[in-house]
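Chemist: Spelled out, the chains give:
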Amino acid sequence: MHLLPALTLLFALQAQGRTIAIGADLAADAGIRVGDTVVVSARPGEGREAASAGGAAGGGREVDTVVVSAIVQRRADPSEIARNDYRVRLHLDQLQRLIGYGDRVDRFAVGTVDSAATERALRAIDDAAFGFQAYRSRDIAVETSTTFEVVSRFHRAIGVITIVASAVFLLCILLLKVEERRRDVGALRLIGLSRWTVFRSVVIEAAFVSVLGSGLGVLVGWMTSAAVNAYYQSFYRTPLRFSIVTGDIVIFSVLLSLALGVVAGALAALRLVRTAPLTLIGR
Amino acid sequence: MRALLAMAALRRHGARTLLAVLGVAVAAAMLLCMVMLSAGLRESFRELLLSRGFQLRLSPRGTLPFDTEATITGASEIARVLRTLPDVTVVSAVLGGQLHLERGDASVTSFALGVNPAAQGDYELLSGRDALAPDAMVVNDEFLQATGAHVGDTLQVAAGYNPQLRSYSGERRLVVSGRARFLYLAAGQSAAALRIGTLQAMTGRARNDEASLFMVRLREGADVEAVRRWIQQHVPRVDAISTAEAMQRVDERLSYFRQLGFILGAVSLIVGFLLVTTLVTVSVNERVGEIAVMRAMGISRIHVVQQILLEGLAISLAGAVIGLGLGLVTARYLNSILSAFPGLPAAIDFFLFQPRSAWTALGLLVIVGIAAGLYPSWRAATLPIATALHEEAVA
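Residue numbers (our numbering), protein chains in the order written: chain W, 1 to 283; chain G, 284 to 678.
None of these hints come from the bench; they were simulated from the model.
Incorrect hints may have been included.
Said to hold, decoys possible - Some chain W residues close to chain G (C-beta under 10 angstroms, calculated; not the full set):
(1) 149
(2) 154
(3) 157
(4) 162
(5) 164
(6) 165
(7) 166
(8) 172
(9) 173
(10) 177
(11) 179
(12) 222
(13) 231
(14) 232
(15) 235
(16) 240
Remember, predicted model here, so these are calculated numbers, not experimental data.
All C-beta atoms, glycine included, are put in the ideal place defined by N, C-alpha and C.
With the sequences and hints as input, model every part of the structure.
Modeler: Structural data, given as structure tokens:
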């Protein structure tokens, strides 16, 4: 039922000429919309000359007048992140003719049913191939993802530095927080509370503060992540997600924060319970 | 006197002060790294581009140098036209390609540059002779290591290789005349340079006299932008890229690192500020009675303010000094990670130390130290003396 209007549109477009699909960034920058007619050529300037000459190419140059049938969003491909070049998708034969490539292609993509079939296909193609070689998509992905491995290692190193800085910060704040309560703790000790009870209460308080702080941190992190994605997706014009807050990351952050808080609280509490109660209240 | 009192207040809680200094040191280290990162890549790239004195690079229209396999035809004619410009002193045409050598069962592939050895800007000769003869080539250490060859050896090389048929095309016998360091190559990349005419003949690019790139050196004081515009107008097949423009394009591609540097630098400053502010505020709260007594004895507000500002400043400065050393070590480690970034010349440093970076980081930390002391010093200066003394006496 829904195919009919689409087919009608397709036939109408084919009747006008060949169709192409262009990237959303090119469409936005050049003000091109679906249905517009454009002149394409393989060399800069030839399209403009042909357009001013009424669409006719001269001097053996290949140009084509085509209709924009679709505007496509760039794939979320990390390897293309820093490339600002525009993308146009043409029919294979049309591009071959435009660039004088003959009946040649750069590569074939072959779909297989499962990994065993992939292995068989690889062997069969390589045995029979004459002038080309088959690769697994996974192997190519590994080869092309070096940039992101480097960036990932860099991020991990920055992460470790951040954790060290956070640990020192947390230890310092908890030490201050505990020391602020010297008089209270001194009074509690004087009315009979044991060292162990004081120690536990300080550690529990530190753990509570850490969990509360890490909860707030997760919220701030989630909002920052959304802002980072919004900014870089718009900057690089890609649907790629640059920052992801996953359940694992949240659990790791909360647990790390809790562990740091407990250690910092325990160190501060130890200092406190080792001091005489009268000294704590300033006598 | 003020400094003495400030130091005494900090020494009173040694562990706390030590932790704060440590916290500021980590923040300072991060700040220095980020200042080095935001300026380092740009400066390092600029130094590399200008290291051989070529201010302009001409690549096939719509491409960056060696970004694609596109070439510029009629290289000699373009070079002739460029040399007629009064501001142009040297024009160096470069052709990129590959060299293949058979070594046992394996084939070694190396990057090849076709250059005019008398006017090239791609490598520095380390030993031996330059590739002045048509059958000579200079190679880097990675090439010698990969092939097991030595300077003086004659090698059978080819410009094309078909792995399926195991057949070579464009074969020549070339003598390794010298050892060189290639300036724009990534780490570990093996390379050879030979005369451009030889490589053109081997790759079948002699017929159209093709080149991948032109490097243009201008006379001292020449208007680079004017020459660039002239070339852009009169040589329509090329894009003329000045050093400033090349840096701008690199900035666009690697802007992420600059932005990251800015964000993490700002976060480091905020963390340092919060840490010092908290510490000094708590310290002031603990010394309310002491400050009230000082004020009751006739010590001026400004004296109290200065003493507390000095406390914040002392923590920031001590942290900064330790942090700068720590930052240099961290930057070296982070640089070693990013030096594996594919496609970038090995000579580029992401983290480049410049005295200006250290002064900037130190200046920012001093400002943070002073700013961190403002609130607690204001609290101390506006303390109601009688109430504070009364409360202290009751406590």
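Chemist: Run every hint past the structure and note whether it holds.
Modeler: Each hint tested on the structure:
This hint holds: residue 149 of chain W has a C-beta 8 angstroms from the nearest C-beta of chain G, less than the 10 angstroms allowed. For residue 154 of chain W, the interface hint holds, the least distance from its beta-carbon to any beta-carbon of chain G being 5 angstroms, beneath 10 angstroms. Evaluation of the residue 157 of chain W hint against chain G yields a held restraint, the C-beta minimum of about 6 angstroms falling below 10 angstroms. With 10 angstroms as the threshold, the beta carbon of residue 162 of chain W comes within range of chain G, its nearest partner Cβ sitting at about 8 angstroms, so the hint holds.
Interface restraint check: residue 164 of chain W against chain G, minimum CB-CB distance 6 angstroms, threshold 10 angstroms, status holds. Restraint check, residue 165 of chain W versus chain G: the minimum CB separation of about 4 angstroms is within 10 angstroms; hint holds. Against a cut-off of 10 angstroms between C-beta atoms, the interface hint on residue 166 of chain W holds, since the closest Cβ of chain G lies about 8 angstroms away. Checking residue 172 of chain W against chain G: minimum C-beta separation of about 4 angstroms stays under 10 angstroms; hint holds.
Taken as an interface hint, residue 173 of chain W checks out: its beta carbon lies about 6 angstroms from the nearest beta carbon of chain G, inside 10 angstroms. With 10 angstroms as the threshold, the beta carbon of residue 177 of chain W comes within range of chain G, its nearest partner Cβ sitting at about 9 angstroms, so the hint holds. Annotation: interface hint on residue 179 of chain W holds; nearest CB of chain G at approximately 7 angstroms, less than 10 angstroms. The beta carbon of residue 222 of chain W is not positioned within 10 angstroms of any beta carbon in chain G (closest approach about 17 angstroms), and the interface hint is therefore violated.
Annotation: residue 231 of chain W was flagged as interfacial toward chain G, and the flag holds, the nearest CB pair being 9 angstroms apart, inside 10 angstroms. Because the closest C-beta pair between residue 232 of chain W and chain G is about 8 angstroms apart, less than 10 angstroms, the hint holds. With its C-beta approaching chain G no nearer than about 8 angstroms, residue 235 of chain W sits inside the 10 angstroms limit, and its interface hint holds. A distance limit of 10 angstroms between C-beta atoms decides the matter here; for residue 240 of chain W the minimum to chain G is near 12 angstroms, and the interface restraint is violated.
Hint check: violations occur at hints 12 and 16; the rest are consistent with the structure.
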